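Peer 1: Sequence:
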Amino acid sequence: MNNISTAKFDESENGPARVEVYYFERGPDEYLATSEAGAAPPAAAAACERWARRGARLPAPLPAAGRLLCAVPLALLVALERCALTIARDAVTGVVQTASDYALKPALTLAFNALLQPPLAFAANVGRALRGALRPLALALGDATRPVAALLREMRLVAVHCDRGRAADV
Numbered sequence: 001m002n003n004i005s006t007a008k009f010d011e012s013e014n015g016p017a018r019v020e021v022y023y024f025e026r027g028p029d030e031y032l033a034t035s036e037a038g039a040a041p042p043a044a045a046a047a048c049e050r051w052a053r054r055g056a057r058l059p060a061p062l063p064a065a066g067r068l069l070c071a072v073p074l075a076l077l078v079a080l081e082r083c084a085l086t087i088a089r090d091a092v093t094g095v096v097q098t099a100s101d102y103a104l105k106p107a108l109t110l111a112f113n114a115l116l117q118p119p120l121a122f123a124a125n126v127g128r129a130l131r132g133a134l135r136p137l138a139l140a141l142g143d144a145t146r147p148v149a150a151l152l153r154e155m156r157l158v159a160v161h162c163d164r165g166r167a168a169d170v
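Residue numbers are given in the numbering used here: position 29 of the sequence shown equals residue 29, and the series is strictly consecutive.
Bear in mind the hints are in silico, worked out from the structure with no lab data behind them. Keep in mind that this is a model prediction, so the values were computed, not measured. Backbone N, C-alpha and C define an ideal beta-carbon position, used for all residues, glycine too. Treat the hints loosely; a few may be bogus.
So the derived label-pair ranges between C-beta atoms look like this [claimed, not checked]:
1) L110 <-> R131: 30 to 38 Å
2) R135 <-> V160: 30 to 38 Å
3) A149 <-> P106: 56 to 64 Å
4) G142 <-> R164: 28 to 36 Å
5) G142 <-> F112: 36 to 44 Å
6) G132 <-> L110: 27 to 35 Å
7) L104 <-> R128: 31 to 39 Å
8) P106 <-> A84: 28 to 36 Å
The task is simple: from the sequences and hints, build the whole structure.
Peer 2: Now the structure itself:
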C-alpha cells in the first residue's frame, strides 16, 4: 500500500493541474478596419472630419467666455466674504478679549479674594493649631505602642529577611 503523504511526485509529469493565463497582446488591428489597409478614406469622410474639427474649435471660446463672466463676480463675492469674515472675527476677538480683561478677570479675582481665600486660610490655621495641640498626644501614643510592637516583633509570627542577591525568605 502506497502512502499518499510520502509519495514523491514528478512535477513535470504528475503535478497538479494548472490554469495558464494568456494576456491579450496588442497586435495588428487590420481586422477592425472597414476598408482595405492602404486605401484612402472617401472624400466625403475627409471633408466631414475637417468640418468637425473646425466646428469643434469654433465654439470652444464661447463656453469659456460664459464661465469667465460667471467666475469673475463669484471671485469678487468670495473675496468680499473673506474680508467681511476676517473683520468680524477680529471684532469678536477684540470684544471677547476686552470683556475678559475688564470684566471677567476682575470678577474672578474678587471672587477668590473675597469668597474663597478667607475660608481656606481659616482651614489652614485650624489644621496647624490642631497639629500643634495633638502632637504631644501622638508622641505619647507612640511611646505607649512601642513596647507592644517590640513584643509582637519578638514573637516572630512573620520573619522577613531581605538580602541582596537572592530572594527574600518569608
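Peer 1: When the structure is checked against the list of hints, which entries are broken? Sort them ascending.
Peer 2: none
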